[in-house]
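Each residue of the sequence shown is one higher than the one before, counting from 0 in numbering that gives the first Met the number 0.
Calculated directly from the structure, the hints in this document are not laboratory data. For every residue, glycine included, the Cβ atom is placed at its ideal position computed from N, Cα and C. Some clues are possibly wrong.
[Claimed, not checked] Ranges of calculated distance between the beta carbons of each label pair, as one might list FRET restraints:
| no. | residue 1 | residue 2 | range |
| --- | --- | --- | --- |
| 1 | L14 | F54 | 12 to 22 Å |
| 2 | P143 | I51 | 18 to 28 Å |
| 3 | H131 | H168 | 31 to 41 Å |
| 4 | R90 | L147 | 43 to 53 Å |
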Amino acid sequence: MTFTLFLIGITATILGALPPGASNLAVIKTTINENIKQGLKISYGAGLGEVILAFLALSFGFVIKEYFVMHTWIQIVLIVILFIVGIYLVRTKPKEVKDPSSFSSKYATGFLLSIVNPPVLIYWVVIFSMLHKNYNFNSMAAIPVLILFFSGVFLGKVITLYGYGRLGHLIQNKKSNFKCFINRLIGVILILISMIQVVKLTLF
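From just these sequences and the hints, can you work out the full model?
Below is the structure:
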């Protein structure tokens, strides 16, 4: 059972992280502008953010979902943040590579892009609601199992973003206009995510 949950953690995370999102494209952009090692720093921060979201989903379950439904202002704030960041990225030209001393912020960038993502939180609520049918996460005996499961979550996120980093590495030698394209693509995706959330709020 222990190893099975480890594999479930990896698989569920990869499936949830495969669709292009802000952290995925940020890894590609960083790899293109700098190198894959710096892109991996974003993936480590994003992996930690994913673990925290999964832990919150396990701890509070459907309370989180109901809270978001009842407190519309939280969703609106997140939508506005995503939209503003998206517009900023679309309108901003890519900058030159920064001094290596600034690279430590990559971890924080990955963490923030990962954790400010309500749909992923709801995704984990759904995953755990399915797992609860076959696994008991509430007993003290389950703690070592949960540690292994969350290790799988972290590893799954890093593996997925590493794949995106390799993609960025393949196109690293392209012209600077491609870097600008990636920057704008990240912005467009953030704007689309914010618009999708607006539609959800309006219709549901």
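Hint check:
At roughly 19 Å, the beta-carbon separation of L14 and F54 lies within the given 12 to 22 Å, and the hint holds. Remark: the range hint 18 to 28 Å for P143 to I51 is upheld by a beta-carbon distance near 19 Å. Under the hint 31 to 41 Å, the C-beta atoms of H131 and H168, about 40 Å apart, fit the expected range. Our hint of 43 to 53 Å for R90 and L147 holds, since their Cβ atoms are close to 44 Å apart.
Violation of the numbered hints given earlier is absent; every hint is satisfied by the structure.
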